[in-house]
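Trainee: The primary structure of each chain is shown beneath.
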Amino acid sequence: MFRDFGFIKPHNIVHPEIPKHQHLSPSRFASVGVLGYNCPREKSVMIYVKDVSVEYANGVRALKDTSVTISKGEFVFVVGSTGSGKSTLLKLLYRDMLPTAGTVIVDGENVTAMKPSAVPFLRRKLGVVYQDFKLLPQKNVWENLAFALRVIGTKPKEVHKRIGEVLELVGLTHRCDSFPNQLSGGEQQRAAIARALINNPTVLIADEPTGNLDPTTSWDIVQLLEQINIRGTTVLCATHDSQIVDGMKKRVIQLEAGEVIRDENKGAYQNSES
Amino acid sequence: MFRDFGFIKPHNIVHPEIPKHQHLSPSRFASVGVLGYNCPREKSVMIYVKDVSVEYANGVRALKDTSVTISKGEFVFVVGSTGSGKSTLLKLLYRDMLPTAGTVIVDGENVTAMKPSAVPFLRRKLGVVYQDFKLLPQKNVWENLAFALRVIGTKPKEVHKRIGEVLELVGLTHRCDSFPNQLSGGEQQRAAIARALINNPTVLIADEPTGNLDPTTSWDIVQLLEQINIRGTTVLCATHDSQIVDGMKKRVIQLEAGEVIRDENKGAYQNSES
Amino acid sequence: MKIRVRIKTVNLRNIEFLIEEAFTGIVRNGLMAFASISTIALSLAVLGAFVLAMMGANHFTTEQIDRFEIAVFTVPGAAKAKADALADSIRKIEGIKDVSILDRDEEYAKFKRERPDFESAGLLGNPLPYALRVRIVKADQLTMLSTKIRALADVDHVNVGQETYKRVVALANAIRAISFAGVIILLITTAFIISNAIRLTLYARRREIRIMQLVGATNHTIRTPLVIEGIVFGSAGALVAWILLRLGGGYVVHSAQRITPMFGSFSSGLSGAGLAFWLLLAGAVIGAIGSLVSIRRFLKD
Amino acid sequence: MKIRVRIKTVNLRNIEFLIEEAFTGIVRNGLMAFASISTIALSLAVLGAFVLAMMGANHFTTEQIDRFEIAVFTVPGAAKAKADALADSIRKIEGIKDVSILDRDEEYAKFKRERPDFESAGLLGNPLPYALRVRIVKADQLTMLSTKIRALADVDHVNVGQETYKRVVALANAIRAISFAGVIILLITTAFIISNAIRLTLYARRREIRIMQLVGATNHTIRTPLVIEGIVFGSAGALVAWILLRLGGGYVVHSAQRITPMFGSFSSGLSGAGLAFWLLLAGAVIGAIGSLVSIRRFLKD
Ligand SMILES: Nc1ncnc2c1ncn2[C@@H]1O[C@H](COP(=O)(O)OP(=O)(O)OP(=O)(O)O)[C@@H](O)[C@H]1O
Ligand SMILES: Nc1ncnc2c1ncn2[C@@H]1O[C@H](COP(=O)(O)OP(=O)(O)OP(=O)(O)O)[C@@H](O)[C@H]1O
Ligand SMILES: [Mg+2]
Ligand SMILES: [Mg+2]
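Residue numbers (this note's numbering), protein chains in the order written: chain A, 1 to 274; chain B, 275 to 548; chain C, 549 to 849; chain D, 850 to 1150.
Bear in mind the hints are in silico, worked out from the structure with no lab data behind them.
All C-beta atoms, glycine included, are put in the ideal place defined by N, C-alpha and C.
Check the hints yourself; a few may be wrong.
Unchecked claim - Far from chain A, some chain B residues (derived; all Cβ distances over 10 Å):
#: 1; residue: Lys338
#: 2; residue: Gly357
#: 3; residue: Lys399
#: 4; residue: Lys429
#: 5; residue: Lys431
#: 6; residue: His514
#: 7; residue: Lys540
Said to hold, decoys possible - Here are the simulated DSS-like cross-link-like pairs (lysine-lysine), alpha carbons at most 27 Å apart as the crow flies:
#: 8; chain 1: C; residue 1: Lys848; chain 2: B; residue 2: Lys413
#: 9; chain 1: B; residue 1: Lys389; chain 2: B; residue 2: Lys346
#: 10; chain 1: D; residue 1: Lys961; chain 2: C; residue 2: Lys660
#: 11; chain 1: D; residue 1: Lys931; chain 2: C; residue 2: Lys660
#: 12; chain 1: D; residue 1: Lys941; chain 2: C; residue 2: Lys658
#: 13; chain 1: D; residue 1: Lys1149; chain 2: A; residue 2: Lys125
#: 14; chain 1: C; residue 1: Lys658; chain 2: D; residue 2: Lys959
#: 15; chain 1: B; residue 1: Lys413; chain 2: A; residue 2: Lys134
#: 16; chain 1: B; residue 1: Lys399; chain 2: A; residue 2: Lys134
#: 17; chain 1: B; residue 1: Lys408; chain 2: A; residue 2: Lys139
#: 18; chain 1: A; residue 1: Lys134; chain 2: A; residue 2: Lys155
#: 19; chain 1: D; residue 1: Lys961; chain 2: C; residue 2: Lys714
#: 20; chain 1: D; residue 1: Lys961; chain 2: C; residue 2: Lys630
#: 21; chain 1: A; residue 1: Lys134; chain 2: D; residue 2: Lys1149
#: 22; chain 1: A; residue 1: Lys139; chain 2: D; residue 2: Lys1149
#: 23; chain 1: C; residue 1: Lys660; chain 2: D; residue 2: Lys959
#: 24; chain 1: D; residue 1: Lys1149; chain 2: C; residue 2: Lys660
#: 25; chain 1: D; residue 1: Lys941; chain 2: D; residue 2: Lys929
#: 26; chain 1: C; residue 1: Lys848; chain 2: A; residue 2: Lys139
#: 27; chain 1: B; residue 1: Lys413; chain 2: D; residue 2: Lys1149
#: 28; chain 1: C; residue 1: Lys696; chain 2: C; residue 2: Lys628
#: 29; chain 1: A; residue 1: Lys134; chain 2: A; residue 2: Lys157
#: 30; chain 1: A; residue 1: Lys72; chain 2: A; residue 2: Lys266
#: 31; chain 1: C; residue 1: Lys714; chain 2: D; residue 2: Lys959
#: 32; chain 1: C; residue 1: Lys628; chain 2: C; residue 2: Lys645
#: 33; chain 1: C; residue 1: Lys660; chain 2: D; residue 2: Lys997
#: 34; chain 1: D; residue 1: Lys929; chain 2: C; residue 2: Lys714
#: 35; chain 1: C; residue 1: Lys848; chain 2: B; residue 2: Lys399
#: 36; chain 1: D; residue 1: Lys1015; chain 2: C; residue 2: Lys658
#: 37; chain 1: D; residue 1: Lys941; chain 2: D; residue 2: Lys961
#: 38; chain 1: C; residue 1: Lys686; chain 2: B; residue 2: Lys389
#: 39; chain 1: B; residue 1: Lys338; chain 2: B; residue 2: Lys540
Just chain A, with the same shape it has in the complex (with noise of 0.2 Å):
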């Protein structure tokens, strides 16, 4: 039983900086099955968010003692109303912010417990959909996937042919050289999508990526997602679109007022008891 675990490093588990009883002993994942969703005994974890609070400087409790776990190879929808606490959660797992008090383990790392320098390479094991955008405004679209490929140190000629399949991919290949401010919403979006996916994250996490887009290109977007979660990526997706989630029948986390509310496999984006 716990072989599955043998990624996560000691020095991740056991870190000073955490207090003892947060400490990920193996009992603990053992508990996760109370959330009302039961990790597949085959399955390793791949998000692990145990306890977590976040009580923003303005005294905003985004978050209240959330656990959600996650395993390799899931798609998840994360939805809500708006200011539930969907994007805090995922910034949490990209280190974008440190949680008041829990811990956050992606991919066997201890983000909570990490260090400065560790951070950027966490970050290029995952994929990122900012809720907005986040362009580099200076580079035109090619560059800030170009950019995104060479900060990890991937060889020019690789670069080329990765862009080139990525823009396919969105429909993104006719706009390559024009800057984030020369795009339309959508466009914009989909080179953001295009940045996401380009360096073969192990985690793909999308925060509304479809908020921009006509329904069927919206449709063919997930699609595209689901694609790559065949092909093993876990996906983690926050939105606000029920007709997706409703057509796409995955795991939904329902989350209100930074609570988890509803964890539902194939589930839908209402309640499906209410």
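Given chain A, put chains B, C and D with the ligands in place with the hints provided.
Mentor: Only chains B, C and D with the ligands this time, still in chain A's reference frame:
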């Protein structure tokens, strides 16, 4: 028959900077019926876009000889796939840019032939929700709204009252002292909507106002837009949200590759024939 | 339309709003305030130090010129009475400050001290005539007055130290020319550096300016707070520069005097308040113009 | 983890990428490039002008001191042969540059010109003794050498102009002290103004830096292009400063010499290439350090 255009001041109609053939003559107004939408005789024209083309510096033709006429008090959805030119069309109305060719008249003012010094006064009559929000980053929500009011010379006392009302309407009273970067995507969007509403605009232009909102909040916001519309404001809303368009049964203008391909009263998101 | 804008300008409530805007702008952009003010302070301090040093040098050389004297010698063997009469008639000439008769014996003693090599064995008594020291009011009347004096009775010859005088005047002119050019160049440099700093702060806020335009702010509404900001930054920088100059300047003059006591009267001739006034004026004007000029490119529609 | 970063540093492909990044950064931010380079250029030009002027002044006073002479007078009535013998024995003393015997008649003629008031009627012939002009190698050996000379045979007395000498040395020291302090202060000021300008350019790009971090760029990947940019800006500014100084400096020296031809040897003693070298070094170092220090606050996670 000409009586209805009385509010269009002569100096706006005949302006030395427009080539003679583009002058807004009554006969041209009479021909708007050919667009497939028959301007009711008893209503006056609020937005008049005639034979407009936009070619961006990089050669992209975002609008191709597009004409649209919208009467005072109408509620219009602009739909179309991403990159079809919706935002570009809206940008012409608040003179964020000038068309390569064609005439734009808003509330009787010839936008295409306007002196730069007159532009702020045009914009004060319009409320705009930008696709990327465009909130002032150094001001909190309250100050963002206050700025929009004080710019047009509103008394401080009036400012307080008005902001309180509008924040109530969009449900953001509790976050009024947060800065834009301290808000969730949906909260930022509601702040942007509040700012657009605050000075009781003659025309409300909303570019994807619900892209970051959950279905319930989206529906509330659209209901709010309808309320405002009933009180006399002309509303123009670009959106990808098919549920909302289908639910509202308003006039729908569909763009595709910079051309109007559909203009239906009580239309749906998808072409009713297809 | 122009008139509408003008009327807005005198609207008191509006002015209040614009000033408010300026101050929130300053407070919210701490780094910019710091960078602008410190750049302005240092530039103005350098400019001020240069101006003060140059004023000091000018003052010093002018003083040297003013101290210039005409030596008048009586004809050989002339009696004291004649020297007195001569002194009186010189005093009557317009442009003469004062005249004093030197002590012949003292002068001779001094001469012997200065030129010990001089073979005085063959001399009978004091070989020197009476000498009068004449100080004049205006240095540039030197030649004219010496000619007048030369024409008087009992004057053997007049020594105006023409050579030395010319050198000192030339030196003074050189200092004046260099310092004038230097001040102009430094002023331009300072203005340029400061407006560069302001331009960079505005560049960092270009999106903000764009949004304000879209909300319907007139250029005037956007510009005024930024110009006020420029004036405040300029004045604050000037104040810091003044403090630096008072502290640093005092120290420099003090140590210069310790090393070379002969620089006794080295002073710029400018009071502390005068310095503060000019610095504030320069800071405020440069800040205002710097903002005004820099904003233009960001207000282009 | 640290070691991984180190290895990345020596990765050639990566360096190429970082340099590429630096240059696109410069090209895409035209205004910033202009503002930074011009600020650096003007600051360095002022610093350079000050350093040159001070080197010139130092050079000038040192030259004055070096030119200092000891006047040695033979005993009254000594013959030319004795003066020649004395000159020879002075030449043998270590630290003497050269010795020349002045022409007695010439000296007397000069004296009469200088002191026309002197009653020379009773004198028989030339009253002056032989005078030797002694130049020494090191100014600070003046007192020691004059004592040695005074002890030689046939020396009546020695005139070292102690007073004037002291004044000139004091002046030279004062100039040296003030210029040293001035250079240090100006250097600090320049570094501060330049790093302020760099800080403002980085502030305008803080969002960009944040995004790079989120994409997985290490601090090193973000920092290196910006430091390269700082070095390029610094060097470009230095180049412009050098051109300004060559043009302006030539003009100033030229006009100074036109006004006062006596300033013949006013020169900084620094070659054009030397000046360029020091300016480039200063520009590059200040640019690099300015960037390095300013980036730190934006890289804070
Ligand atoms: N930097 C911040 N400082 C203070 N409060 C913040 C900050 N970021 C988010 N919040 C608050 O935390 C709460 C949760 O925000 P979050 O962005 O996680 O919501 P969300 O679920 O992503 O909403 P949306 O669907 O609108 O994007 C909100 O009330 C928001 O105002
Ligand atoms: N500033 C610009 N420079 C160059 N091309 C531009 C610019 N802005 C928009 N475009 C191009 O013009 C076309 C229309 O853009 P527009 O923003 O109007 O689309 P849209 O219908 O609003 O799309 P979306 O639904 O994605 O917001 C797009 O192909 C876009 O790339
Ligand atoms: Mg969010
Ligand atoms: Mg758009």
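Trainee: D:Lys1149 and A:Lys125 were given as a pair; does the straight-line alpha-carbon distance stay at or below 27 Å?
Mentor: Measuring from Cα to Cα gives roughly 21 Å; hence the hint holds.
Trainee: Hint check: A:Lys134 vs A:Lys157, CA-CA at most 27 Å. Holds or violated?
Mentor: Distance ~26 Å between A:Lys134 and A:Lys157 Cα, so the pair holds.
Trainee: Given the hinted pair A:Lys72 and A:Lys266, is their Cα-Cα distance within 27 Å?
Mentor: Cα-Cα ~17 Å, so holds.
Trainee: CA of D:Lys941 to CA of C:Lys658, is that 27 Å or under?
Mentor: Roughly 35 Å separates the two Cα atoms, so the pair is violated.
Trainee: Holds or violated: C:Lys714 and D:Lys959, Cα atoms, limit 27 Å.
Mentor: holds, 20 Å
Trainee: Take a quick look at whether C:Lys848 and B:Lys413 sit within 27 Å of each other, Cα to Cα.
Mentor: Within the cut-off at roughly 23 Å; holds.
Trainee: Mind checking the alpha carbons of D:Lys941 and D:Lys961 for me, to see if they're no more than 27 Å apart?
Mentor: Violated, at about 34 Å.
Trainee: Tell me if the straight-line CA distance from B:Lys408 to A:Lys139 falls inside 27 Å.
Mentor: holds, 21 Å
Trainee: Quick one, are B:Lys389 and B:Lys346 close enough, alpha carbons at most 27 Å?
Mentor: holds, 24 Å
Trainee: Within a Cα-Cα threshold of 27 Å, do D:Lys961 and C:Lys660 meet the stated pairing?
Mentor: Roughly 15 Å between the alpha carbons, so the hint for D:Lys961 and C:Lys660 holds.
Trainee: Given the hinted pair C:Lys848 and B:Lys399, is their Cα-Cα distance within 27 Å?
Mentor: holds, 21 Å
Trainee: B:Lys399 and A:Lys134: Cα distance at most 27 Å?
Mentor: violated, 32 Å
Hint violations for this structure: numbers 2, 6, 12, 16, 24, 34, 37 and 38, all remaining hints satisfied.
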